[in-house]
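Input sequences plus hints: build the corresponding full structure.
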Amino acid sequence: GDSVTQMEGPVTLSEEAFLTINCTYTATGYPSLFWYVQYPGEGLQLLLKATKADDKGSNKGFEATYRKETTSFHLEKGSVQVSDSAVYFCALSPGFQKLVFGTGTRLLVSP
Amino acid sequence: DTAVSQTPKYLVTQMGNDKSIKCEQNLGHDTMYWYKQDSKKFLKIMFSYNNKELIINETVPNRFSPKSPDKAHLNLHINSLELGDSAVYFCASRDGADQPQHFGDGTRLSIL
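Residue numbers (my numbering), protein chains in the order written: chain R, 1 to 111; chain D, 1001 to 1112.
In short, the hints are calculated from the structure, not lab data.
Do not take every clue at face value.
Covered stretches of chain D, as calculated for chain R (at least 3 residues, CB under 8 Å) [what the hints assert, rightly or not]:
(1) 1035–1042
(2) 1059–1071
(3) 1101–1109
All residues carry an ideal CB built from backbone N, CA and C; glycine is no exception.
Shown next as structure tokens:
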């Protein structure tokens, strides 16, 4: 079945460090891919998305590229801030309505 | 202004009770969802409704019964609550298969 695998957290970084959170997926067909972010005590917010191979999604300095050959959608940011501390979820949409989520990766950024 | 709103935000109750969580979206979306997030933050879909019709039911115990009176509302009723039902329940809505889902702020259910 469809699944998403994310790197285990927490990821602990100092402010202004470079961030990579790995995400790989297994799916039949050509799913859309998403990154969601969950700040403490809040619901999930869409961070970025890509709907086809080689698409790059970007938002708020975060980027991820849909790589069909490696079935990956890694999240990157060049310089993290304390306010980026949150849980990040990679997800895929197989096309029949639902989202399949990864297990989430907690990011902790210290000043 | 709120796009997807859930009530209540917190729900503390005893084992064996019956409770409901309400969800409303003002985005005009056709599809609504319920997700369960466990203590390890793992998110799993429970139900999906499209224009008031059930389209996804992911092996959820039949103690959980969703109800969609219209396409803007999707409520979740839970009978005979068990300790394992303690979790955060998220409502979401979407308009189209490739579109992102919009989430509510969640309902934290604690079973004593």
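Quick rundown of the hints versus the structure:
Only residues whose C-beta sits within less than 8 Å of a C-beta in chain R count toward coverage, and the region 1035–1042 of chain D has 3 of them, enough to reach three; the restraint holds. Evaluation of the coverage hint for the region 1059–1071 of chain D: breached, as 0 residues show C-beta separations to chain R shorter than 8 Å, against a requirement of three. Coverage of a stretch by a chain is defined here by at least three residues with a beta carbon nearer than 8 Å to that chain's beta carbons; for the region 1101–1109 of chain D and chain R the count is 6, and the condition holds.
In summary, the structure is inconsistent with hint 2 from the numbered list given earlier, while agreeing with all the others.
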